[in-house]
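Peer 1: Take the given structure of chain V and dock chain L to it, following the hints.
Chains as they are written, first to last, in our numbering: chain V, 1 to 415; chain L, 1001 to 1415.
Among these hints, one or two may not hold up.
[Claimed, not checked] Have a look at the derived ranges for each label pair, beta carbon to beta carbon:
1. L:Asp1315 to V:Gly130: 36 to 42 Å
2. L:Thr1237 to V:Lys362: 28 to 34 Å
3. V:Lys257 to L:His1105: 55 to 61 Å
Rather than coming from a laboratory, the hints here were simulated on the basis of the structure. For glycine and all other residues, C-beta sits at the position ideal for the given N, C-alpha and C.
2 protein chains.
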Amino acid sequence: MNLKKKPVTGMKDITPREMEVRDYVIGLIKETYGKFGFSSIETPCVEHIENLCSKQGGENEKLIFRILKRGEKLKLDEAQSENDLVDGGLRYDLTVPLSRYYANHANDLPAPFKALQMGNVWRADRPQRGRYRQFMQCDIDILGEASILAEIELILATSTLVGKLDFENFTIRINDRRILKAMAAYSGFSEEDYDTVFIILDKMDKIGTDGVAAELLREGFDGEAVQTYMQMFAGVTPDIAGIRALKETLAAVLDEKVSEDLETIIESVCAVKNANFEILFDPTLVRGMSYYTGPIFEISIDGFGGSVGGGGRYDEMIGRFTGAQTPACGFSIGFERIVMLLMEKDFQVPGKEKKTAFLIEKGMPKEKLLEVFAQAEELRRQGECVSMNMMKKNKKFQKEQLAAQGYTQIKEYFA
Amino acid sequence: MNLKKKPVTGMKDITPREMEVRDYVIGLIKETYGKFGFSSIETPCVEHIENLCSKQGGENEKLIFRILKRGEKLKLDEAQSENDLVDGGLRYDLTVPLSRYYANHANDLPAPFKALQMGNVWRADRPQRGRYRQFMQCDIDILGEASILAEIELILATSTLVGKLDFENFTIRINDRRILKAMAAYSGFSEEDYDTVFIILDKMDKIGTDGVAAELLREGFDGEAVQTYMQMFAGVTPDIAGIRALKETLAAVLDEKVSEDLETIIESVCAVKNANFEILFDPTLVRGMSYYTGPIFEISIDGFGGSVGGGGRYDEMIGRFTGAQTPACGFSIGFERIVMLLMEKDFQVPGKEKKTAFLIEKGMPKEKLLEVFAQAEELRRQGECVSMNMMKKNKKFQKEQLAAQGYTQIKEYFA
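Pulled out of the complex, with its shape left as it was, chain V reads as follows (with noise of 0.2 Å):
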């Protein structure tokens, strides 16, 4: 019988080259991230069904792989609708098995819980260039800290590792779901459609300030609620004095403390930075994720379109989940996409060891095999990479085969 070479729709075989990469990426989020003192953990790739599908997950939901319920508990004759076939399904992220994990364990995990999560997930999207249908997310949550220490350790966290990876300058924008919703309230939309106009200015960044008064205009909203809300985002700047005019015009409708955290939060990364990035104000930052609950921020590499990484705090979600409010906060980045970049620009892994190929000869009597050996396990104990062949027959071929298997030395052994 013969296999099907290609993988299923929309996943896909991971190269030595990119593994490289991949295995480099790790070390650095895992190296990192430490040093900030997340701590790692794991939860099992299949997740129950009711967790996956309890409106925590939007769109995801529609996108879930489902999993046959195992041994006699499958009755296909009986079977009604799908649900009566499936009890599990591959988790679509990693915040739902969060959410379960941190129920689970509650008594044993410490207050606040700084967790470090790296795994895949599945999601049934249309596959598309650059987007497969496993990809590993990465993501460190705060869980217990209601305070922006939160915010600004996960920033810094971010930005740092960031920073070590082999890209020029990046810019992390960072607003407030209060304030999103207090520019709403103030311009005179009503709180029922907040939603469908935070839709609309996301879209900021593709279709420009004129293109989203117009989207605005023609869903029937108020002209002039839309103009006051457009001259708004005219007139801000994108810094802590932008933070600061917005807290006077807003002063009936926001919170102050909301804008003055915002402030410490921007002063205090900038303050201990060490990376090169800018972190912005930005008010038409709306992040999709209806959860949000404060500050949410995104993080973008300067020179290529799209973020590679972002959060913000949820403080309502683990309750509406275990049944025990608890202040959250959380920073995924985009793994994938990062690989990705730095395949594209050919990134060279750095420090990696020299690799030497022997050639052996065949039928090489077994004493002076045994030395060989010997001198292959003296370099690898030097720190060298030392991988043993059979000399072939076209030699030349099997040399350039090595070469471009980086291996930069060839030792040849006779019989």
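Peer 2: For chain L alone, kept in the frame of chain V given last:
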């Protein structure tokens, strides 16, 4: 709504303490095997159901987690059997995906191809202590190398790895499938009975020589054959001399190259080994999987029952999958078992950084806070782990929790 708190049946959450040990072992594996020229690859966790059900997986095929087809392809009403609903499954080992990977990338891969795979596999086994339905496998394989260079490199790499772990001594036992068969042939068993005979022989370490003899007789085998067979085992020493003696006895039924190769493997490993272990010839070693065609080996840690890894040559499998004959040899290390043994002996990961916790009193003015963050940053630059915490009312308990997380130093900053 409340979450189901426990992980799905038979799978487990991994705590920070266990993750530390796992990450340490993973790092050691990547480093050690890298020195021997193994390149990491990865395949998707989801595999075509046809590939998984190709009869190469033996009993494991009964334990597959099956994944529902996505979208319109799912026709529940018309489905006659499970297979109409399923097009993928979670992989139960890394060998089937390796074969598919090899077929998929044949043109780009060097020969021989030395692959390192670490990844989760899933088997719906009956849950029991220490065995889970999701577990990490760690395989090294050399594809395209027909000579015993493959066996020697695999055994050296694996013994180097285990030697770096925190165990006193270990033992590698080695045999050859062809010696197994020759011994059965010499004793007078017929070829169609070999599998039955080997399954019984495999119980030697549990029921002893007498037990095996009794069970062979109960199975109805000829008394004289059983007697010859058992006497042969009794007379063999577990060393080179034993192999040589057997070679004489089996001269009529065994190619002498087989035993000579086995000698060379053992002598080469002994000559360059750099860890505290013995390599023994064990003619009773069977290894379960019937796909092995040549040398087979198993590694066990002295003082702990059962093996922590094993492997062998399987020259016919890749060809059966891909249509192109490819010699292959692999060694799989029992990652989960090694981690469990290390956890049980309370293994401490070496070279951990110093961990310092900062406690910050509530209400600290911004200017002072920035200074504290700068101090934390400075310590991190020096290589320490620093975690920032708001000072709690119950400071004693807070400090105890931090100490339990390994924070040996605590600094307090008052507003």
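Peer 1: Decide, hint by hint, whether the structure agrees.
Peer 2: Results of checking the hints against the structure:
1. L:Asp1315 to V:Gly130: 36 to 42 Å: Distance hint for aspartate 1315 of chain L, glycine 130 of chain V holds at roughly 39 Å.
2. L:Thr1237 to V:Lys362: 28 to 34 Å: This hint holds: roughly 31 Å between Cβ atoms.
3. V:Lys257 to L:His1105: 55 to 61 Å: Between lysine 257 of chain V and histidine 1105 of chain L, where Cβ atoms are some 57 Å apart, the hint holds.
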